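J.: Sequence:
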Amino acid sequence: MVLQRNKKVSFLVVVLAISVATINCQTFDVTKYGAKPNGQIDQALADAWKEACAAPSKATIVVPKGTYNLNKAFFLGPCKSPVVFQMDGILMAPSAAKGFKDGEGWVTFEKLQHLTITGTGTFDGNGGQSWGKKCKRTDYCEQLPINIRLNFITDSVIEGITTKDSKQFHFTVLEGENLLFTNLKIIAPEESWTTDGIHLGRSTNITITDTTIATGDDCISIGDGTKQLKITKVTCGPGHGISVGSLGKYQNELPVEDITVTDCTFKGTSNGVRIKTWQGSTDVLYLVCGAYPCEGIQLNNIDLKTTGSKIKGPAKSVCTNVKPEMSGTVNLPPCTTDDSA
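Residues -25 to -1, 1 to 316 in mature numbering (1 follows the signal peptide of the UniProt record, and there is no 0) are what the sequence shown spells out, letter by letter.
These are computed hints drawn from the structure, not numbers from a lab.
Careful: at least some of the hints might be erroneous.
[To be verified] Beta-carbon label-pair distances, calculated as ranges: (1) N276 / D77: 22 to 32 angstroms; (2) S245 / G103: 16 to 26 angstroms; (3) E228 / E85: 45 to 55 angstroms; (4) T2 / W253: 43 to 53 angstroms.
This structure is a prediction, so every number in the text was calculated from the model and none was measured.
Even for Gly, the Cβ is constructed at its ideal location relative to N, Cα and C.
Based on the sequences and whatever the hints tell you, model everything.
T.: Below you can see the structure in the form of structure tokens.
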């Protein structure tokens, strides 16, 4: 009798545990909302997102294996609870870019906290017919959509997925904070221009790690206002390498600070890590320290030149409370202008 009661109590505990787990994590499979392989998924995604975003506890949107056609998706928060976007299928963009505003995303996530984008699936931008058609090869082609836009996303993880053949940038991150990009594959042919892998702007505390990026442009491009960016164990190439900038073209740009690149591999890239700037004066090198002078600053093998007709006069450098040491060939003498107190 006692044994039977214990069995009943144990069974009740198991049932309660399963019920609590079900309540704490709800799943929204897009096929339950009408999505079918090789069909359009736009409305099913929108309906699944609406319910998942309103869920009182953690919600998971599932895109199962299969290829689904997607014109455009916009996932707007804030949501009531954390959301997981489980991407195991292939989302396929139209070959022609129609109905997009400048700089708009094909898939956009906006104003979300505790978002996880994960899975083994692919965001296929289907960009082969777009590269070089809208803009000149040397131009940034804002008329084409970005594969994945992350606007105002915080405390979130993007992992495991593939983004392929974007018509423009693969990822753009605007005003993100506390984000982890890991175990991603970002691929496009070498001849696909303006297909930067990850572009960041005005974002803080971002980590990009264990990721492969092979595109026709920058593997990672770092825009103004980016701070505390860690890039490690990234394989880059082909492409243009990792670029800070370009900076200085527009007024009111914010400083770029605390950028760390470690343990990365560059294969067939035109650059490793570089800083791209638009020159506004003949002052091309600034070494500016506070009231307490900087020490241990070294300049080694620096080749800086001014080109073009807009800037008149020789290149100059400005030093404040610092006396750098020179080695190798430095064709720009440091401290042309000494503003030290």
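J.: Which constraints among the numbered hints does this structure fail? Numbers only, ascending.
T.: 1 and 3
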